[in-house]
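Enquirer: Given chain A's structure and the hints, the job is docking chain B onto it.
Number of protein chains: 2
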Amino acid sequence: MSGLKPEDMPMPDAATPSRPKLVTACVLLIGDEVLSGRTRDANLSYIAKHLNQIGVQVREARVIPDIESVIVDTVNEVRARYDYVFTTGGIGPTHDDITADSIAKAFGVAIGHHPQAMAILEAHYAETGGEFTEARKRMARIPDGATLIANPLSKAPGFQLGNVFVMAGVPMVMQVMLDSLTGRLEGGATMQSRTVSAQIGEGTIAQKLGELQQRHPDIGIGSYPYYRGKTFGTSLVMRGTDPAALDRVADEAAALIRAFGAEPVVGEPG
Amino acid sequence: MSGLKPEDMPMPDAATPSRPKLVTACVLLIGDEVLSGRTRDANLSYIAKHLNQIGVQVREARVIPDIESVIVDTVNEVRARYDYVFTTGGIGPTHDDITADSIAKAFGVAIGHHPQAMAILEAHYAETGGEFTEARKRMARIPDGATLIANPLSKAPGFQLGNVFVMAGVPMVMQVMLDSLTGRLEGGATMQSRTVSAQIGEGTIAQKLGELQQRHPDIGIGSYPYYRGKTFGTSLVMRGTDPAALDRVADEAAALIRAFGAEPVVGEPG
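Those protein sequences? They're chains A and B, same order as listed. Take the first sequence: its letters are residues 6 to 275, numbered as in my numbering. Take the second sequence: its letters are residues 6 to 275, numbered as in my numbering.
Because the hints were derived from the structure by calculation, they are not lab data. Please note: incorrect hints may appear among the correct ones.
Below 20 Å or equal to it, Euclidean Cα-Cα: the simulated EDC-like pairs (lysine to aspartate or glutamate) are [what the hints assert, rightly or not]:
| # | chain 1 | residue 1 | chain 2 | residue 2 |
| --- | --- | --- | --- | --- |
| 1 | A | 213 | B | 132 |
| 2 | B | 235 | A | 132 |
| 3 | A | 235 | B | 132 |
| 4 | A | 213 | B | 139 |
| 5 | B | 213 | A | 136 |
Covered stretches of chain B, going by a simulated chain A footprint (3 or more residues, C-beta under 8 Å) [unchecked claim]:
| # | region |
| --- | --- |
| 6 | 94-100 |
| 7 | 230-243 |
| 8 | 258-272 |
We put the CB at the ideal spot given by N, CA and C, even for glycine.
So that you can see chain A by itself, here it is in the shape it has in the complex (with noise of 0.2 Å):
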């Protein structure tokens, strides 16, 4: 809940050096098990904070059916409107498993058995004794162009096409994936955050807080409540790219709480 708006975001400018660039993904999450409540998922939270970690910050999520022309359109849409797009889910051997020929479609290109996925495939069943069905060659199915992102865990690789980045839906197996494309990604700078809580009600501290956030319009403030059963309190989050900045703006917040007589603690509450 930062008080940046869409005109006050740091732009990836020349013009403007002394603005940091922002690098922007948006993350889909494609698998009716998540909308059906089923599942409930794992995967956003960890690839926000990976990427954050390398400079791209996650300015979109959705959450999106299995149903090829849904894929096809959301794709298309997010890759034209974000830096980086990252997918999981949808890339198995069953007929459920419809990313890989949605993205093809998305690409208007052509998608067939990849030469290296089929290797390295064929290699895992031979040492695993498993057959190697037509189903299973499935997984080797690539869209033409894309290039393939490493899984040592499970072996099925994931692949890369233009700026769209498609991952397993499995988390273990999606955190290996996300790993091994750190040298791929072009990160900017790097968002970070300071957290300062107390045994306060966001109501009581709103009126200066906001004057706070309108003192310092480059870091955004969040203001979270929180109830650990009987007590309850705020946590004040501070993000932003310059960290002397974010050290003077976490200081005047811990001193505002202050003012009202609660005790300030540096991160989350304990």
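Expert: Chain B only, in chain A's frame:
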């Protein structure tokens, strides 16, 4: 990951009385804290399961930042596309809570202090001894024409405007608000599911499973690999509106698994 295509989806159409009416929803999770990875969303799966019980299917979810223009554009896009829209987050007393004002802007209506909301909050702070500050009065700002959504827990209400339902982001508050809506929502067919799991690889059964899906186009069959320490397997989830058809497909799925020498269990793996 069902095999349902848009053209297969039962549509609310009087000319096809044999197909049950599907009522659709989109969930908007509003908040920088979810996008930054600070907070792992706990609301989507709860909302999806709760709504399905009353015959409303979540077909899409989006996580968007606290930026007015993004909220306005997204709300206007999805309220035209789905029967219902449910938002969470951004209705507190601080400067970063901009959901109510953004919804008013999306609908092109004015916003002000709602008399009933003011009375509820005034009574609450009189009872608890808290000061009813200007900031706390912000929580009574409701777009013109909206009706309130009760909040028995922390009093500050949500609201409904048209087909958009605006709720709190704190899960336990969101949940009581959602509970209070049951009578106001007109549900259609309830999507039911059957789950059959076994210690067998997806790739082993994929071919036969695809054939099973083709024989039963009205039932969406999803295949989800799972890992439990050193064991792994597959959960098959059948979803549809006809309980008898679901039972038949679940029986066929169990038989399919047995034909490969594995033992199916009803439900998620133990």
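Enquirer: So, for every hint listed, does it hold in this structure?
Expert: A quick look at each hint next to the structure:
For a cut-off of 20 Å, the pair hint linking residue 213 (chain A) to residue 132 (chain B) is broken: about 24 Å separates their Cα positions. The suggested pairing of residue 235 (chain B) with residue 132 (chain A) holds, with an alpha-carbon distance near 18 Å, which does not exceed 20 Å. A C-alpha spacing of about 18 Å is found between residue 235 (chain A) and residue 132 (chain B), which places the hinted pair at or below 20 Å, so the restraint holds. Using a Cα cut-off of 20 Å, the hinted pair residue 213 (chain A) and residue 139 (chain B) holds, with the two alpha carbons roughly 11 Å apart.
Straight-line distance between C-alpha atoms of residue 213 (chain B) and residue 136 (chain A) comes to about 15 Å, which keeps the hinted pair within the 20 Å bound. Residue count for the region 94-100 of chain B with a Cβ under 8 Å from a Cβ of chain A: 6. That meets the three needed, and the coverage hint holds. With 3 residues having a beta carbon nearer than 8 Å to a beta carbon of chain A, the region 230-243 of chain B meets the requirement of three or more and the stated coverage holds. Chain A is given as covering the region 258-272 of chain B, and this is violated because 0 residues of the stretch bring a CB closer than 8 Å to a CB of that chain, at least three being needed.
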